[in-house]
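Asker: Protein chains in written order, with my numbering: chain A, 1 to 162; chain B, 1 to 688.
Note that these hints are calculated values from the structure, not bench results. Nothing here was measured: the structure is a model prediction, and the numbers come from that model. Ideal Cβ placement from N, Cα and C applies to all residues, glycine included. One or more hints might be untrue.
Claimed, not checked - Using C-beta positions, here's what the derived DEER-type ranges look like:
{"#": "1", "chain 1": "A", "residue 1": "P21", "chain 2": "B", "residue 2": "L230", "range": "21 to 31 Å"}
{"#": "2", "chain 1": "B", "residue 1": "P49", "chain 2": "A", "residue 2": "E44", "range": "30 to 40 Å"}
{"#": "3", "chain 1": "A", "residue 1": "Q63", "chain 2": "B", "residue 2": "L631", "range": "37 to 47 Å"}
{"#": "4", "chain 1": "A", "residue 1": "E161", "chain 2": "B", "residue 2": "D185", "range": "18 to 28 Å"}
{"#": "5", "chain 1": "A", "residue 1": "L57", "chain 2": "B", "residue 2": "R615", "range": "22 to 32 Å"}
{"#": "6", "chain 1": "B", "residue 1": "P605", "chain 2": "A", "residue 2": "E44", "range": "22 to 32 Å"}
{"#": "7", "chain 1": "A", "residue 1": "P21", "chain 2": "B", "residue 2": "R218", "range": "38 to 48 Å"}
{"#": "8", "chain 1": "A", "residue 1": "Q63", "chain 2": "B", "residue 2": "D286", "range": "26 to 36 Å"}
{"#": "9", "chain 1": "B", "residue 1": "L493", "chain 2": "A", "residue 2": "L57", "range": "42 to 52 Å"}
{"#": "10", "chain 1": "A", "residue 1": "P21", "chain 2": "B", "residue 2": "R679", "range": "24 to 34 Å"}
{"#": "11", "chain 1": "B", "residue 1": "P186", "chain 2": "A", "residue 2": "E44", "range": "29 to 39 Å"}
{"#": "12", "chain 1": "B", "residue 1": "R615", "chain 2": "A", "residue 2": "L86", "range": "31 to 41 Å"}
{"#": "13", "chain 1": "A", "residue 1": "L57", "chain 2": "B", "residue 2": "P49", "range": "47 to 57 Å"}
{"#": "14", "chain 1": "B", "residue 1": "D531", "chain 2": "A", "residue 2": "E44", "range": "34 to 44 Å"}
One letter stands for each residue in the lines below.
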Amino acid sequence: MADPPRILRVNGDRRPVRSAPGRPLLEVLREELDLTGTKYGCGEGECGACTVLVAGLPVRSCQVRLGEVGDRDVTTVEGLARDGALSPVQRAFLEVGAFQCGFCTPGMLVAATALLRAHPSPSRAEAADALEGNLCRCGGYGRILAAVARAAELAREEGREP
Amino acid sequence: MIVDDYRPPRPWDRTPVRERGYFDLLGPGVVAVVAGRPAAPPGAGGWHPPTGGAWIHVGEEGIVTAFTGKVEVGQGTHAALIRAVALDLGVPARSVRLVMGDTDLCPWDLGTFGSRSMPDALPPLRAAARALREEIDRRPGRSDRPSDLGARVRGLRTILELPPAAEGEPAPPPPPGPAATVADDPTVVTGARRYGSDLRPDGVLEGRVLRAPTYGARLDSVDTAPARALPGVVVVEEDGFVGVAADDRRDAAAALEAIRARWTAVPAPDEAGIEEYLRTHPLDGDHWDAAAEADGDLPAAWDRSAVRLTATYRTDYIAHVPLEPRAAVARWDGNRLSVWLGTQTPFRARDDVARGLGIPVDDVRIRVPPTGAGFGGKHGGAVALEAARLARAAGRPVRVRYSREEEFRFGYLRPLSLVDVRAGADAAGALTAWEFENVNGGAAALGSPYRSRAHRLENRLARSPLPQGSYRSLAAVANNFAREGAIDELAVLLGRDPVAFRAANLDDLRLRRVLETAAARAGWDRPLGGDGRGRGIAIGREKDGRIATVAEVTVAPDRRVRVDRIVTVFEAGRVVDPDRLARQVEGATVMGLGGALFESIAFDPGAIRNPHLARYRVPRFSDLPEIVVELLDLPDQAPAGGGETPIIAVAPAIANALYAAGGVRLRRLPLLPTGRLPRPPAGPSGPG
Ligand code: FES
Ligand code: FES
């Protein structure tokens, strides 16, 4: 870990990081930058709890190495709210009560945000398909889909980015 | 958190009431302390474990702080209990906070399992809230505004000591207004919520533990010198425990790799031999210490039987797979220890840790941070003890976080169950003989809700070669799967409608109502259109809740199966928080789907073969059927727990639907390990 610090662009900030380029992005976020909203659920690309956006696209941060991120923007769940205001997706999850233990929620929020930015009005089947790689062991899938639909509605009504 | 900097000299549950520092922590005001209750004597109907009571403080700012030994691991009782306290006190839910599972401050509790949160915690909390309301109403300045509540306790240091609350409910609560709704915690969606695995006290080290390659393997020799030679690595070797801690998880992993250990495996069966093994290995010694219960004249009952069934139903070992694997953070302050631990049994963990370390219980504090679910899989304090040992040697805080693979391999599993059923019915459709024996699964829901002329129940606890323990509803899934499958088989043998056959043999009117409501809700009397479609029903009674589930499935020409719709009607007495209860029922349905269709632990002797999510499939979005939930509210019945019972009818309803759709009777969970329904055996087939 004697590498010189590099700059990671996270949630609109430029953060110096010292981790080796081979270290998974998930660990860099959680261990070095203390952005613990992004969760470890398996470390093997199978649960989606670690989902973040890199250049706007959802990725499993446990499967992406720091060196692969380069100077692209990383958005974690902590970066979804703007100026202290929750995003439509965040508000919809609260409104619908789309969680129980809440441990899958950050990954779900990020994946749903990516979906709605690309497809502002997905059908239920399209939403389920886009979120297929995200597990909710508490079994909240029905409510999560309802929250995605509600978020699409909120974003439309308010003319905001989801 | 309010209690971060306060630590009493002894845990409050082990301190006389008058010496507890309620006012040191929370300022002046009034506290109501409801004493705990010993276990009800056996034979009192149902299971009544001891409880630790509850306490509630009302402070000068009008803030209400309630304490319970139960924990919240995603089941929603935090919200439901706040709602109940707020209603009885007549204050908005937002002025109530609830401290759960902190062993220094909360009433002792046996643990959060068995759907006991409502039955154990609600009566004492409600008793405390009602006593406070009465006390405060006697004071001048009556008003319902919480700020006024504070004004009326100003300068007081009053403790109301109350006897144990009676079981059940003291009186119906006032009707809920809008202010009774407990909002969800916004930090869940901002990412700011810190779960146990997110906590990082200053100077924390990462711990890793040396694991046996197979269960029960004996450590013959270990050489830790290569790990000790690494810079910045702490190595602990004590009482059979070997672990390391270092600044970084990777350094800790490297140190662990450097340790050389020799193990001797103990003999264990493989998958092919497991049934034989369990049937010949009683838990204690060499004979079955079976709890058997029998009534009526079985031979006579068999004589009257027009149809007879003999079948064995099996459920595989499955894993809980909480999305957050086990984690603990241990910190020593002098000779006193604090551990943040996601556990369902903080007080048992306190005892385990104190005993394991050889220190007084009073010096151990377990605190339960937000936890990424449990499902019965997070009992005890093994990971807390691991972190505490390492932290003691390191002189710094240590956290131990299991990898997903460790969570699979070093937690425990839902037991593999074998249920032998022998049952008969007479030509009029009445059950005659009912013999039901569970090997290794356990006693939950062993008793039948159906009337029969004679019955015999037996629960044979075996010595499992894989670690097993609690799981959402315990053996109730296995027992209900067997019972509701067998009842369906009898209905088929008699040519009777499965709903009518069940109803005719039930005396429990609450259960009958649930059954009939579910049938109506699912449109049982209307044929299901379409090729390869089928519908099945199952019911159950457990933990004083009643459940009926109807499943609708489609079997494609290639025998792939789709579960199209699940209709569940659930009754658990009075509904305290309809929204949280509905989440539990929906979630239990989805979880039940996994165990019903595809979840199964594969193993070699002493070792799980699929300890990875890529090889152990849990339900995903694409598995989601349409789910219809109806809650029946019985306002004059005490609330029963709701987290478990909604899982117990899912698998048998699906199995019965598959029989109706595809003519194949499946008696083993998971039902569809290959994803396809086998073809019916040649010869006269069942309904097509
Ligand atoms: S932690 Fe990355 S997919 Fe599970
Ligand atoms: S809410 Fe617990 S895993 Fe989704």
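Asker: Evaluate each hint against the coordinates.
Answerer: These are the hints, each one checked on the structure:
1. P21/A with L230/B: 21 to 31 Å: This hint holds: roughly 23 Å between Cβ atoms.
2. P49/B with E44/A: 30 to 40 Å: holds, 39 Å
3. Q63/A with L631/B: 37 to 47 Å: With Cβ atoms ~41 Å apart, the hint holds.
4. E161/A with D185/B: 18 to 28 Å: holds, 25 Å
5. L57/A with R615/B: 22 to 32 Å: The hint (22 to 32 Å, Cβ to Cβ) holds, given that L57/A and R615/B are roughly 27 Å apart.
6. P605/B with E44/A: 22 to 32 Å: holds, 25 Å
7. P21/A with R218/B: 38 to 48 Å: Roughly 42 Å apart at Cβ, these two residues keep to the hinted range, so it holds.
8. Q63/A with D286/B: 26 to 36 Å: violated, 51 Å
9. L493/B with L57/A: 42 to 52 Å: violated, 57 Å
10. P21/A with R679/B: 24 to 34 Å: violated, 54 Å
11. P186/B with E44/A: 29 to 39 Å: holds, 30 Å
12. R615/B with L86/A: 31 to 41 Å: Hint holds: Cβ distance 37 Å, inside 31 to 41 Å.
13. L57/A with P49/B: 47 to 57 Å: At roughly 51 Å between Cβ atoms, P49/B and L57/A fall inside 47 to 57 Å, so the hint holds.
14. D531/B with E44/A: 34 to 44 Å: holds, 39 Å
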